[in-house]
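2 protein chains.
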Amino acid sequence: MDMNVISSPNSEKKGGCTTNCTLANKYLTSLPKKLKDNVVNFALETKKLGQEDPRRIFHALKVGFAITVVSLFYYFQALYNGFGVSAMWAVITVVVVFEYTVGATLGKGLNRMISTCIAGFLGVVAHYLADLSGDTGEPILLALFGFIVASTMTFMRFFPKLKARYDYGLMIFILTFALVAVSGYRDDEVIKMAQQRLSTIIIGSCIAMIICIFISPVWIGAEFHFLIASNIHKLANFLQGFGSEYLKMKDEKSKEEETFRQQYKSVLGTKTTEETMANLASWEPSHGKFKFSHPWKQYLKVGALTRMCAYRVDALNNCLNSDILQVETPEEIQEKMKESCKKLSSELGKVLKEVSLGLKKTKKTATAKTQLRETKKAAHELKMLLQETSLWEKFNLLDVLPAATVASILIDIVDCVENIIEEVHELASMADFKSMDSAVCPENQLSQIIVVGEVTTTDKNNHGPDLKGPTPSVAEPEIKSLQ
Amino acid sequence: MDMNVISSPNSEKKGGCTTNCTLANKYLTSLPKKLKDNVVNFALETKKLGQEDPRRIFHALKVGFAITVVSLFYYFQALYNGFGVSAMWAVITVVVVFEYTVGATLGKGLNRMISTCIAGFLGVVAHYLADLSGDTGEPILLALFGFIVASTMTFMRFFPKLKARYDYGLMIFILTFALVAVSGYRDDEVIKMAQQRLSTIIIGSCIAMIICIFISPVWIGAEFHFLIASNIHKLANFLQGFGSEYLKMKDEKSKEEETFRQQYKSVLGTKTTEETMANLASWEPSHGKFKFSHPWKQYLKVGALTRMCAYRVDALNNCLNSDILQVETPEEIQEKMKESCKKLSSELGKVLKEVSLGLKKTKKTATAKTQLRETKKAAHELKMLLQETSLWEKFNLLDVLPAATVASILIDIVDCVENIIEEVHELASMADFKSMDSAVCPENQLSQIIVVGEVTTTDKNNHGPDLKGPTPSVAEPEIKSLQ
Numbered sequence: 001m002d003m004n005v006i007s008s009p010n011s012e013k014k015g016g017c018t019t020n021c022t023l024a025n026k027y028l029t030s031l032p033k034k035l036k037d038n039v040v041n042f043a044l045e046t047k048k049l050g051q052e053d054p055r056r057i058f059h060a061l062k063v064g065f066a067i068t069v070v071s072l073f074y075y076f077q078a079l080y081n082g083f084g085v086s087a088m089w090a091v092i093t094v095v096v097v098f099e100y101t102v103g104a105t106l107g108k109g110l111n112r113m114i115s116t117c118i119a120g121f122l123g124v125v126a127h128y129l130a131d132l133s134g135d136t137g138e139p140i141l142l143a144l145f146g147f148i149v150a151s152t153m154t155f156m157r158f159f160p161k162l163k164a165r166y167d168y169g170l171m172i173f174i175l176t177f178a179l180v181a182v183s184g185y186r187d188d189e190v191i192k193m194a195q196q197r198l199s200t201i202i203i204g205s206c207i208a209m210i211i212c213i214f215i216s217p218v219w220i221g222a223e224f225h226f227l228i229a230s231n232i233h234k235l236a237n238f239l240q241g242f243g244s245e246y247l248k249m250k251d252e253k254s255k256e257e258e259t260f261r262q263q264y265k266s267v268l269g270t271k272t273t274e275e276t277m278a279n280l281a282s283w284e285p286s287h288g289k290f291k292f293s294h295p296w297k298q299y300l301k302v303g304a305l306t307r308m309c310a311y312r313v314d315a316l317n318n319c320l321n322s323d324i325l326q327v328e329t330p331e332e333i334q335e336k337m338k339e340s341c342k343k344l345s346s347e348l349g350k351v352l353k354e355v356s357l358g359l360k361k362t363k364k365t366a367t368a369k370t371q372l373r374e375t376k377k378a379a380h381e382l383k384m385l386l387q388e389t390s391l392w393e394k395f396n397l398l399d400v401l402p403a404a405t406v407a408s409i410l411i412d413i414v415d416c417v418e419n420i421i422e423e424v425h426e427l428a429s430m431a432d433f434k435s436m437d438s439a440v441c442p443e444n445q446l447s448q449i450i451v452v453g454e455v456t457t458t459d460k461n462n463h464g465p466d467l468k469g470p471t472p473s474v475a476e477p478e479i480k481s482l483q
Numbered sequence: 001m002d003m004n005v006i007s008s009p010n011s012e013k014k015g016g017c018t019t020n021c022t023l024a025n026k027y028l029t030s031l032p033k034k035l036k037d038n039v040v041n042f043a044l045e046t047k048k049l050g051q052e053d054p055r056r057i058f059h060a061l062k063v064g065f066a067i068t069v070v071s072l073f074y075y076f077q078a079l080y081n082g083f084g085v086s087a088m089w090a091v092i093t094v095v096v097v098f099e100y101t102v103g104a105t106l107g108k109g110l111n112r113m114i115s116t117c118i119a120g121f122l123g124v125v126a127h128y129l130a131d132l133s134g135d136t137g138e139p140i141l142l143a144l145f146g147f148i149v150a151s152t153m154t155f156m157r158f159f160p161k162l163k164a165r166y167d168y169g170l171m172i173f174i175l176t177f178a179l180v181a182v183s184g185y186r187d188d189e190v191i192k193m194a195q196q197r198l199s200t201i202i203i204g205s206c207i208a209m210i211i212c213i214f215i216s217p218v219w220i221g222a223e224f225h226f227l228i229a230s231n232i233h234k235l236a237n238f239l240q241g242f243g244s245e246y247l248k249m250k251d252e253k254s255k256e257e258e259t260f261r262q263q264y265k266s267v268l269g270t271k272t273t274e275e276t277m278a279n280l281a282s283w284e285p286s287h288g289k290f291k292f293s294h295p296w297k298q299y300l301k302v303g304a305l306t307r308m309c310a311y312r313v314d315a316l317n318n319c320l321n322s323d324i325l326q327v328e329t330p331e332e333i334q335e336k337m338k339e340s341c342k343k344l345s346s347e348l349g350k351v352l353k354e355v356s357l358g359l360k361k362t363k364k365t366a367t368a369k370t371q372l373r374e375t376k377k378a379a380h381e382l383k384m385l386l387q388e389t390s391l392w393e394k395f396n397l398l399d400v401l402p403a404a405t406v407a408s409i410l411i412d413i414v415d416c417v418e419n420i421i422e423e424v425h426e427l428a429s430m431a432d433f434k435s436m437d438s439a440v441c442p443e444n445q446l447s448q449i450i451v452v453g454e455v456t457t458t459d460k461n462n463h464g465p466d467l468k469g470p471t472p473s474v475a476e477p478e479i480k481s482l483q
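Those sequence lines, one after another, are chains A and U. With the first letter of the first sequence counted as 1, position 247 gets the number 247 in the UniProt record's numbering; the numbers rise by one all the way through. With the first letter of the second sequence counted as 1, position 312 gets the number 312 in the UniProt record's numbering; the numbers rise by one all the way through.
Just so you know, not all the hints are guaranteed correct.
[Said to hold, decoys possible] Far from chain U, by Cβ distances over 10 Å, these chain A residues were calculated:
#	residue
1	L110
2	L122
3	Y128
4	L129
5	G137
6	P217
7	K291
8	E331
9	D432
[Claimed, not checked] Among the chain U residues that face chain A by a calculated CB cut under 10 Å, a handful are:
#	residue
10	I57
11	V70
12	M88
13	E138
14	A143
15	T154
16	M308
17	T405
18	A407
Rather than coming from a laboratory, the hints here were simulated on the basis of the structure. Computed from a predicted model, the values in this text were never measured in an experiment. Think of the CB as a built atom: it goes at the ideal place given N, C-alpha and C, for glycine as much as any other residue.
Work the whole structure out from these sequences, hints included.
Structure below.
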């Protein structure tokens with residue numbers, strides 16, 4: 001007993017020491033481990049970012065190059081003149097103006113140059129006016145001018161149209177005006193300072209813009225174009241995959257297909273991105289197939305319709321997971337619906353892929369419109385099937401509801417797709433895309449064609465007339481009746 | 001005949017002249033008219049922007065005031081020292097750092113101060129190192145340092161986490177390093193310049209931050225909080241209006257209700273806005289009911305679930321306009337469905353309003369959970385109705401599909417709402433919201449309670465236990481069977 005009493009605190013103490021030691025040890029060993037983990041994670045993410053888009057690495061090197069060039073200019077100017085304040089503006093301008101895409105760089109550069117020019121001029125004028133009013137009045141007038149200009153320009157930054165394109169310019173306006181007007185120099189020095197600031201800012205902006213445009217440029221217009229096309233493509237992928245996926249048993253569904261199917265979700269939230277891209281794209285000069293006055297606003301319309309279609313695709317996706325629709329569809333219904341739904345879904349996917357492909361290649365295509373006729377036929381068949389009373393009356397409504405809901409959403413999507421086709425067609429006319437006809441190319445050939453290259457179409461004239469007016473068609477009355 | 005021949009060109013000429021004159025006249029009179037129109041439009045938009053949110057006007061005045069203060073500081077400093085280059089940094093800092101919301105201003109100000117501090121120190125070190133290598137080696141080493149720092153920092157701006165919070169800081173880092181390292185001054189001057197730049201930037205940042213915080217501040221945290229609450233409220237409005245709207249004839253629908261109903265659409269595209277707001281809110285100190293470590297990330301979760309619910313509400317809205325669902329629902333079905341759909345829809349609206357209200361008041365509420373039980377009962381009834389074979393078998397599937405689709409979407413929304421309630425409850429726990437019970441207050445009383453004020457609850461303990469654990473309930477098994 002005694003032994004026990006004595007040994008017990010001992011062992012506890014020992015145990016306590018051991019625990020503490022282990023904890024301390026763990027903490028000490030975990031610190032470098034954590035650091036190591038962080039470094040490894042950082043390296044991995046760096047690698048991932050670089051691999052995802054190697055142009056990011058080029059961009060970083062370009063910025064380094066531009067800053068080196070302008071810094072050396074500043075360094076030598078400072079050495080020779082002994083006073084490098086003005087040249088400093090060139091360094092600042094390059095750092096601030098140089099953005100990833102050409103559109104953003106041009107937007108900032110032009111905003112900065114024009115604003116500096118106007119505000120510098122007004123600042124000099126304000127300085128003279130204040131100077132006239134004597135030593136007492138000068139600071140009062142200058143403060144008043146500064147207050148009015150800063151307040152007005154700040155409020156103007158709330159105007160949505162100005163904010164979208166000239167936000168940076170308005171900020172620089174306030175900055176330059178305040179610096180020039182309130183500089184407190186003598187008159188001749190103010191003008192000299194304003195001139196120096198303007199010229200160095202022009203030098204800095206031009207260095208940034210030239211390097212951005214001429215060394216592996218990233219055109220945001222082209223990015224925007226391909227974003228819109230790839231969004232349509234993602235919906236097409238979902239629809240082509242949906243037919244088979246929907247009719248599979250739960251455990252058959254593979255994870256790969258699952259992630260493939262979820263791609264469309266990124267389309268749901270791109271509104272803000274698209275608006276920013278359209279704004280920046282409008283700063284860019286003619287590049288590749290995109291002219292200076294390329295109809296970027298029309299892309300926003302196509303984007304909005306694609307998003308509306310994506311909401312419906314989301315509803316379709318919910319049918320795969322929804323509680324109420326999780327009932328097992330009766331086999332007879334499944335049998336009958338299977339083919340119709342699969343057909344319509346994959347037809348829709350095919351049409352959207354065609355639209356996306358035409359857009360990607362900046363080509364006018366009538367194939368989508370022709371294919372849409374097939375799609376409408378498939379929708380009509382599905383609708384007929386829904387009206388077949390003999391088929392449905394045997395079952396409980398709740399059992400057939402999943403199949404019927406899927407069918408009705410699919411029929412709904414036909415309208416969305418038609419709207420997309422219309423707006424893409426309008427876009428092709430506005431942007432003067434050339435005609436092509438990819439109907440002659442089998443699908444696997446199409447995917448091999450390089451996106452930016454020209455395509456020789458052997459069957460150009462067969463479907464040519466379709467592009468010039470409303471689609472002439474024998475099947476038209478039948479299609480109309482579906483709408 | 002001759003007369004005709006002669007007179008005809010004359011009259012044509014006269015007509016031509018008249019047309020030209022009229023055109024020229026029109027052009028001349030239209031110019032000032034256009035200008036006038038522009039001015040009027042501008043004035044109207046200014047008025048609208050000011051009325052929508054008078055804090056915009058305050059913000060403009062605040063910026064004007066801050067710039068006046070710092071400009072005068074600069075002006076007198078320049079007068080006395082004859083050389084105002086360092087003080088200039090204070091003006092620049094105020095203009096660049098002063099943003100509309102406290103979070104944005106603090107984020108920029110802190111980024112600017114800390115980056116300038118670190119980069120300035122490293123710049124001085126780089127300058128010394130380069131100095132050691134002699135006259136030839138100096139510019140080479142400086143260029144190399146500049147290139148490495150600029151490239152690395154530019155690439156780091158691509159890291160999503162760094163971009164979200166420290167993008168501005170990384171840019172300022174490049175800027176300061178380049179300016180200090182490459183300044184070309186003698187050693188003692190470099191340190192003096194770095195010190196001056198740092199102190200004036202701290203002065204500028206502090207002026208901007210103090211004026212932003214202490215004169216009618218706009219807290220982005222509070223804005224974010226109310227955005228999330230009002231998004232939920234918008235969905236509630238739609239659902240409460242939907243029941244009656246859906247069953248009205250087309251020509252009965254008023255335009256007012258139409259626009260009221262469309263409010264929810266703004267919820268579909270707020271993802272990017274919410275993410276930005278959450279980031280900026282995390283810079284803000286404790287204000288009102290929001291602490292420094294308020295769980296802003298949890299708001300993103302609630303926001304995402306609200307958006308998911310909005311997609312389903314969008315599907316519901318499509319039912320009102322869809323082609324396939326535009327068939328007239330048979331009267332018997334309408335009669336039977338009317339009450340159930342209306343009940344479920346308005347129950348859902350009520351629950352969401354309760355959630356939104358609790359959130360707005362930063363109160364923990366169990367009422368929503370209690371109400372959800374009612375909602376689930378209503379959903380259960382609707383589901384039973386869908387299973388009543390005797391009701392449906394008389395009709396063509398296509399005729400009853402609209403009603404059935406609406407019902408199934410409504411039942412689907414119950415899950416969404418439950419998820420929202422869960423996450424809002426989690427948020428209330430994380431943020432230590434106080435308990436309240438609004439079930440005792442009739443709805444019109446509730447709307448009179450000032451949002452920020454405290455509410456005395458007379459019936460606090462009745463529903464209190466609900467908050468502490470999983471909802472104990474007799475109706476539970478029945479509800480579970482619905483899921």
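Subject >> Non-interface claim for P217 (chain A) versus chain U (Cβ beyond 10 Å) >> reply: The assertion about P217 (chain A) holds, with a minimum of 16 Å to chain U.
Subject >> Assertion that L122 (chain A) lies outside the chain U interface [Cβ separation over 10 Å] >> reply: Non-interface label on L122 (chain A) holds, nearest chain U Cβ at 15 Å vs cutoff 10 Å.
Subject >> Interface hint status, V70 (chain U) versus chain A (Cβ within 10 Å) >> reply: 8 Å, holds
Original post:
Do the numbers back the hint for M88 (chain U), that is, is its least Cβ distance to chain A under 10 Å?
Top reply: Constraint on M88 (chain U) satisfied, holds at 6 Å.
Original post:
Does the nearest C-beta of chain A fall within a distance shorter than 10 Å of the C-beta of I57 (chain U)?
Top reply: Holds, because the Cβ-Cβ distance from I57 (chain U) to chain A comes to roughly 7 Å (cut-off 10 Å).
Subject >> Status of the hint placing T405 (chain U) at chain A (closest C-beta pair under 10 Å) >> reply: 6 Å, holds
**OP:** Examine each Cβ of chain U, and state whether all of them lie more than 10 Å from the Cβ of G137 (chain A).
**Re:** The claim stands: G137 (chain A) keeps its Cβ more than 10 Å from every Cβ of chain U (closest is about 13 Å).
Original post:
With d taken as the least Cβ-Cβ distance between K291 (chain A) and chain U, does d exceed 10 Å?
Top reply: K291 (chain A) clear of chain U: closest Cβ-Cβ about 27 Å, beyond 10 Å.
Subject >> L129 (chain A) remote from chain U - nearest C-beta pair above 10 Å >> reply: 15 Å, holds
**OP:** Quick one: work out the minimum CB distance from E331 (chain A) to chain U and report holds if it exceeds 10 Å, violated otherwise.
**Re:** Non-interface label on E331 (chain A) holds, nearest chain U Cβ at 18 Å vs cutoff 10 Å.
Subject >> Proposed interface contact between M308 (chain U) and chain A, which counts if any beta carbon pair is under 10 Å >> reply: 9 Å, holds
**OP:** Test the statement that Y128 (chain A) is away from the interface with chain U: the closest C-beta pair must be farther apart than 10 Å.
**Re:** 16 Å, holds
In terms of the numbered hints stated before, the structure departs from none.
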